[in-house]
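Colleague: Chain by chain, the residues:
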Amino acid sequence: MIAKKVLLVGNFGVGKTSLIRRFVTNEFSEDYISTIGVRISKKEVQYNEQIVKLLIWDVAGTSGNEKIPKAYFLGANAAMYVFDLSREETYIALEENLKMVKELSGLQNITLIGNKKDLLTSEELIAVKNKITVPIDLITSAKDDENVEDAFTLLTAESLK
Amino acid sequence: MIPAKIEDVFIQITTDINGVILSIDAGKFAEKEFTLHQSVYRSCPFLEGTLEALPYNEPFLIEAMIIHSNSIEYNVDVEIFKREESISVLIHNRTNVYKYVDQLNQKRNDIFFIKREIAEKNKELDRLRKIADKANEEKSRFLAMISHEIRNPLNVILGYSEMIAEENADVQKYINSLLDAGHNLKVIVEDILDLSRIEAGKLELVSEQISITKIVETCIANFYHQQKTKEVKLEYFISEKVPTFILGDSVRITQVLSNLMSNAIKFTKKGIVKIDVEAVSETAENAVLKFVISDTGRGMTNDQVAKIFEEYQQTEINDNRVFGGAGLGLAIVKRLVHAMNGVILVESKIDKGTRFSIEISFKKVVNHTLPQKQKNVEVNFNSLKGRRILVADDDVLNQTIVAHILNKEKTVTTIVNDGLEALDKISKESFDVILLDINMPNMTGEDLMRQRDLFDKLNIDTPFLALTANTSSKDVQRYLSLGFSGIISKPYTATEFVEKIKKVLP
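Each protein sequence line maps, in turn, to chains A and B.
Counting along the first sequence from 1, when you hit position 139 you're at 139 in UniProt numbering, and nothing is skipped either side.
Counting along the second sequence from 1, when you hit position 150 you're at 150 in UniProt numbering, and nothing is skipped either side.
The following block holds chain A by itself, in its conformation from the complex:
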């Protein structure tokens, strides 16, 4: 079994911890508890007949131009940038933020996930998508357990590249 270190990064309150909880323990809570430093969760997943142990780093959310410590990315195989579809400030500077994460991690691709789909109407979702110029890999809802598994599958695939 191979182990892969993957990181979830993005603004605070976008639902990184919720996505991980939904994926690892299939739980969800409306309570918001900010993450300090890094929590690590593990989950074994099967990908292309291969068992992969994902070491998921839940990195504390950032605010504005705050930088993620570069040390966290050491040995990272993939990273997921999560933004909140219902908060413009979390996706207004996506291009810039993705560039920053790429530079810090040395990774070529970052999996881009728009979370909290449950808070938007379909019309609002279209409007948000129209505002975002960077290709979004998946739209998820940790609350409704929508596309969470798929998002981590994408991340696993990326970690194996």
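There may be inaccurate statements among the hints.
Straight-line C-alpha distance at most 25 Å; calculated SDA-like pairs for lysine to any residue [as the list claims (entries may be wrong)]:
1. A/70 - B/121
2. A/131 - B/121
3. B/290 - B/218
4. B/28 - B/39
5. A/70 - B/41
6. B/334 - B/364
7. B/410 - B/364
8. A/70 - B/18
Just so you have them, the derived chain A footprint on chain B, three or more residues with Cβ under 8 Å [said to hold, decoys possible]:
9. 4-10
10. 60-70
11. 111-118
12. 390-402
Incomplete in silico selection of chain B near chain A, CB under 10 Å [to be verified]:
13. 41
14. 45
15. 76
16. 98
17. 101
18. 477
Honestly, the hints are just simulated from the structure, not real lab data.
Just so you know, even glycine gets a beta-carbon here, dropped at the ideal spot from N, CA and C.
Starting from the structure of chain A, add chain B where the hints point.
Modeller: Leaving out everything else, chain B in the frame of chain A:
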């Protein structure tokens, strides 16, 4: 010898390249979690995947990691140094520091979300305020419109009353004018009351035995009486399949038909205005009747049709000046039809005509009263001694009153019907005072004042007075800024009228 207090806040271990613990070198922090020859990843999962990637012979610091010991969560900073054969790992317990960072961070984020929530609420409040403002504007527009419409006939009533009080001649004619203005005022007031009653859900329909044929015939007869001077033929057709009696509210059905007939006649100079009634479907208990009120009048554009059932809508801006009313009739018709669970449709083509069709389901079985017919009366118009006074007003009744008052004062009065005619006169003749109604067809009093350059030659010093029922301070301010010397507000008495003119004369 390291003091015990210090030993408790750190632990230093050495692992091999794969993370297997080779030795515990110093410190006692969470020592139970570290066992010789076991993997360090069990207690420090953050080292898995990280150790392999570590650069050799370089100190490396990872802050704010978490490890668990005795079911307690600790925040630690980790210093790592990788050599060829082994890795040195120094773990500092920084829980006390991170505890405060954690609290501050949580508070910062909570404040952010509260601010965000407040901003959302403010947006919602702003949206609601705009709705309230719009409703308030509508109310003001309604009040302005209605007060203007009420003041006009009121002015006529008061003017003729004064005239009747002064002389006996022409009494019959003046009384007819009074009746006309009174009737117009009554229609407006009733329309307002009907609309507010319907809007408040207080309209009560009666269910009595009625004859549609009789209603239609009476309606046609009433309008025929009014229409005898016009080249409009009034026709009706009632299908034999229409039940002789049905249960319904004759007053409201008459109101609907009369309103539509009245409109059709207003906007048809020549041709036919017709009411057709047929039974669309019938069961033992119900009959669905279709009423079609068609005309060969000026018709409407699609945009006009789209707005025709809105309040105060008259298809041309001058319609209410020319034809009277507050533009509430069709809004009321639509609401009445809906109250009778019916549907109303309108089709129209410019210069071809308009067709309103209404379908209502009635219960079959059985008396009613018919509305009063309206009289249409022609009023003649006639007029400070030797003063040359120009009066522009499109309302014949108002012209008559003004002429009567001015005649008594022995002025040389010229009366014109609208702003364009006034402009023509002002460009050719000089006057001592010019009285302009504000709401006139072709050119309003305001538009005329904006073209003062065109007539400054002959009337450069002539005072202009606005004759208007629009008397809000905003309106008055606007008239004064346009160059009016003052306003004569409707309704006025003869004395007030004369005084206002005398006041502006040099």
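Colleague: Now tell me, hint by hint, if it's right for this structure.
Modeller: These are the hints, each one checked on the structure:
Taken as a hint, the residue 70 of chain A and residue 121 of chain B pair is broken in the structure, with Cα atoms around 38 Å apart against an allowance of 25 Å. A distance of roughly 23 Å separates the Cα atoms of residue 131 of chain A and residue 121 of chain B; the hinted pair therefore holds under the 25 Å criterion. Using a Cα cut-off of 25 Å, the hinted pair residue 290 of chain B and residue 218 of chain B holds, with the two alpha carbons roughly 18 Å apart. Distance hint between residue 28 of chain B and residue 39 of chain B is fulfilled; the C-alpha atoms sit about 18 Å from each other, no more than 25 Å.
In summary, the hint linking residue 70 of chain A to residue 41 of chain B is supported, as the alpha carbons are separated by about 21 Å, within the 25 Å threshold. The suggested pairing of residue 334 of chain B with residue 364 of chain B holds, with an alpha-carbon distance near 23 Å, which does not exceed 25 Å. Between residue 410 of chain B and residue 364 of chain B the CA atoms are separated by roughly 66 Å; this puts the pair beyond 25 Å, and the hint is violated. Restraint check: the Cα-Cα separation between residue 70 of chain A and residue 18 of chain B comes to about 22 Å, which is no more than 25 Å; the hinted pair holds.
Check on the stretch 4-10 of chain B: 0 of its residues sit with their Cβ under 8 Å from a Cβ of chain A, so the three-residue criterion for coverage is violated. As drawn, the stretch 60-70 of chain B meets chain A at 7 residues by the rule of a beta-carbon pair under 8 Å; at three or more, the given contact holds. Residues of the stretch 111-118 of chain B with a Cβ under 8 Å from some Cβ of chain A number 3, which satisfies the need for three, so the listed coverage holds. Only residues whose beta carbon comes within less than 8 Å of a beta carbon in chain A count, and the stretch 390-402 of chain B has 0; fewer than three means the coverage is violated.
With its C-beta approaching chain A no nearer than about 9 Å, residue 41 of chain B sits inside the 10 Å limit, and its interface hint holds. With 10 Å as the threshold, the beta carbon of residue 45 of chain B comes within range of chain A, its nearest partner Cβ sitting at about 4 Å, so the hint holds. Hint status for residue 76 of chain B: holds, given a least beta-carbon distance of 9 Å to chain A, under 10 Å. About 6 Å separates the beta-carbon of residue 98 of chain B from the nearest beta-carbon of chain A, less than 10 Å, and the hint is met.
Hint status for residue 101 of chain B relative to chain A: holds, with the closest Cβ pair at about 6 Å, below 10 Å. The interface hint given for residue 477 of chain B is violated, since its Cβ lies 44 Å from the closest Cβ of chain A, which is over the 10 Å cut-off.
The structure fails hints 1, 7, 9, 12, 18 (numbered hints given earlier, in ascending order).
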